[in-house]
Every structure is written in C-alpha cells, then in structure tokens.
Amino acid sequence: MTEDLKNLTCAEFQSQLPELIGSGADIGGDPHLKSCELCRALLADLETIAEAARQLFPVIEPPDELWEHIESAIKEEKAGSAEESPDPEEE
Amino acid sequence: MPHSRFGTQPPDAESNTIAGLDPAHADPSAPTGSVPPAAPNSSGSDVLTRAQGGDHQAFAELYSQHKRRIYSLCLRMVGNIAEAEDLTQEAFLQLHRKIGTFRGDSAFSTWLHRLVINVVLMHLRKKGLSVISLDEAMEPTQEEGPGRTFGSADLTLAGTIDRLALERAIGDLPAGYRLIFVLHDIEGYEHNEIASMLDCSIGNSKSQLHKARLKLRDTLRTYPRQEARR
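Same order as they appear, the protein sequences are chains R and X.
Counting with my numbering, you get residues 1 to 91 for the letters of the first sequence.
Counting with my numbering, you get residues 1 to 230 for the letters of the second sequence.
Simulated from the structure, these hints should not be mistaken for lab results.
Even for Gly, the Cβ is constructed at its ideal location relative to N, Cα and C.
Do not rely on the hints blindly, as some may be mistaken.
As the list claims (entries may be wrong) - Simulated pairs of lysine-lysine, PhoX-like, Cα-Cα distance not exceeding 25 angstroms: (1) Lys78(R) / Lys98(X); (2) Lys98(X) / Lys75(R); (3) Lys126(X) / Lys98(X).
Said to hold, decoys possible - Chain X is nowhere near these chain R residues, computed Cβ spacing over 12 angstroms in every case: (4) Asn7; (5) Pro31; (6) Lys34; (7) Glu83; (8) Glu84.
Take these sequences, add in the hints, and give me the full structure.
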C-alpha cells in the first residue's frame with residue numbers, strides 16, 4: 001500500500017485528496033507528499049485556506065428590529081388566513 | 001489518530017456557538033433586542049413542542065436560539081445585509097408555516113438549515129445567479145471545477161491569507177461551492193451533517209469542498225497580480 005502511494009502520479013494523488021483530507025487523518029507523512037514538492041505546496045495552501053476560514057466569525061448578530069418585522073409578517077399572515085376562512089358562527 | 005489541520009469543531013446547535021470561538025460573537029445570552037430570552041428551564045425539545053403547538057412565545061425563543069446562525073448563513077451566501085435580512089425573515093416565516101411538519105427524523109437544526117438553504121437557493125435562482133437548485137449545486141461538475149493543479153508551478157500562498165481577500169474570494173465562489181465551504185469550513189459542520197442537510201452523499205460533500213478550496217486557491221493567487229495592475 002505504501003509503495004503504491006509512493007508510485008502515484010500527482011494527478012492520481014490529487015484525485016484521492018478529497019477523501020484523504022475528508023477522513024480527518026494527518027496525511028503529512030504520506031509517501032507521495034514526501035517526494036513531491038508540488039503536492040506538498042498544494043496541501044499547504046489548502047490547509048492555510050481552511051485555517052483562515054476558521055478565523056472568520058461564523059455567527060453574526062442580526063439587527064434587533066428583524067424580529068419585529070418577522071412578528072408583524074406572521075400577524076399579517078394569520079389575519080389573511082382568518083379572512084379567507086371566516087368563523088362559521090359569524091355567517 | 002493525529003489530527004489534521006483541516007479538522008473542524010462540531011457546531012453546538014442548542015447554543016448557536018462553535019466551541020473555541022470568541023464568546024462575544026457566540027454567547028447565546030447576548031442581548032437579543034425585543035425577543036424574549038429563553039426561560040431558564042425550557043429545554044430545546046420543550047420549546048420546539050410548544051412552538052409546534054402554536055405558542056408564539058416559544059416560537060420567539062426558537063428565533064432567539066437560531067437567528068445568529070441563520071442570518072450568518074444568509075449573509076455569507078448573498079453578501080448583502082438587506083438581502084440577508086429579507087432571507088432570514090422569509091426563512092422564519094416558512095418555519096412558522098411548516099414547523100408542524102417537523103417529525104424529528106433529523107436534528108431540528110439540520111432540518112432548519114435545510115429549509116434555509118432552500119430559501120437561499122430559490123432567491124439565487126430568481127436573481128439568475130449561477131448554481132441554482134440543490135441538485136445542481138451538488139452535481140459534480142468537470143467544467144466548473146478549478147483548473148487542474150498538478151504540474152503547475154508558482155504555487156504557494158506563503159502561509160498567510162488576508163482576511164478581506166478571503167471574504168472576497170468566498171463571495172466570488174459559485175453558490176454551490178460557497179454553500180459547502182461556508183457550512184464546513186466556517187460554520188464547522190461535518191460532512192455527514194452537510195450530506196443530511198443537502199441530501200447528497202458524504203463523498204459528494206467532500207469532493208465539492210475540495211473543489212471549493214481549490215477554486216479559492218486559484219482566486220487568491222491571482223489577487224496580488226490583479227492588485228499590482230491597478
């Protein structure tokens with residue numbers, strides 16, 4: 001297996017990257033990487049991008065008034081549906 | 001097993017936080033405007049059950065619990081505050097209409113995210129933007145993928161990325177790639193969760209994320225040259 005990986009071309013190795021990376025394993029010691037500067041640089045770039053993304057704040061506070069808008073829209077919808085189906089006792 | 005630098009932290013749907021992030025940006029007890037804070041004793045499932053029964057206060061609590069992640073996802077997908085607010089409103093209106101149909105087959109946050117993603121993709125379709133339906137977004141594409149990388153020289157990003165440049169590059173991604181990248185690399189969802197949200201295979205999620213990162217790399221490497229021409 002190790003020998004197989006060592007003999008991979010860059011194209012073959014890179015085609016396996018999504019699965020290798022997605023597995024969560026540390027692939028720094030991969031035989032192909034040890035002998036291939038191009039793929040090492042590619043992996044380093046992808047790691048840099050992933051790390052930089054984690055520094056971006058994933059949660060942003062919406063404005064306070066947004067709930068008021070949602071609440072009034074819900075009320076409008078309720079009023080609209082009540083008009084469409086009036087209380088039978090009122091008829 | 002040694003951990004990869006690609007590893008993510010699992011999102012905490014109940015508190016709307018991701019472990020390890022700046023608490024000032026993730027504190028669920030932060031001021032919430034006119035939305036009443038969740039009662040101390042109200043569990044997530046209790047609130048959900050009450051909201052499904054038409055309890056408006058419980059629905060307000062659900063909004064309070066999920067608003068940050070939903071708004072953030074919308075904002076990252078459309079890159080425009082006004083549109084993000086409209087989409088968040090539309091998502092919660094749809095939630096109000098459909099909450100009774102949630103049967104608990106998946107986690108509520110996963111179900112809600114799927115609803116939001118559909119709202120966002122519908123909006124993008126109306127705007128005529130690239131990558132339109134969820135199916136199309138998840139369809140492996142050869143022609144849309146980033147250029148082949150093997151054999152190319154002039155490689156590295158020098159280990160650092162300017163935050164604004166990254167934000168801009170993410171905004172330039174096709175919507176399908178952007179969605180996967182935001183969910184995984186920014187929001188911290190795992191591939192199995194994304195697969196559940198987007199109704200695709202785990203392998204597909206991994207593949208699309210990889211393509212997104214490759215495309216970002218291509219874009220980020222061209223920025224310095226573009227800036228230099230100005």
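Now the hints, each set against the structure:
1. Pair hint Lys78(R) plus Lys98(X) holds up; C-alpha atoms about 14 angstroms apart against a cutoff of 25 angstroms.
2. With a C-alpha separation of about 16 angstroms, the suggested pairing of Lys98(X) with Lys75(R) holds against the 25 angstroms cut-off.
3. Only pairs whose Cα atoms come within 25 angstroms are accepted, and Lys126(X) paired with Lys98(X) is accepted, the gap being roughly 22 angstroms.
4. Annotated as non-interface, Asn7(R) keeps its C-beta farther than 12 angstroms from every C-beta of chain X; the closest such distance is 15 angstroms.
5. A cut-off of 12 angstroms between C-beta atoms confirms that Pro31(R) is not in contact with chain X; the least separation is 16 angstroms.
6. Separation of Lys34(R) from chain X is adequate, the least Cβ-Cβ distance of about 16 angstroms exceeding the 12 angstroms criterion.
7. The beta carbon of Glu83(R) is kept farther than 12 angstroms from every beta carbon of chain X, the shortest such distance being approximately 17 angstroms.
8. Every C-beta of chain X lies more than 12 angstroms from that of Glu84(R), the closest at about 14 angstroms, which supports listing it as non-interface.
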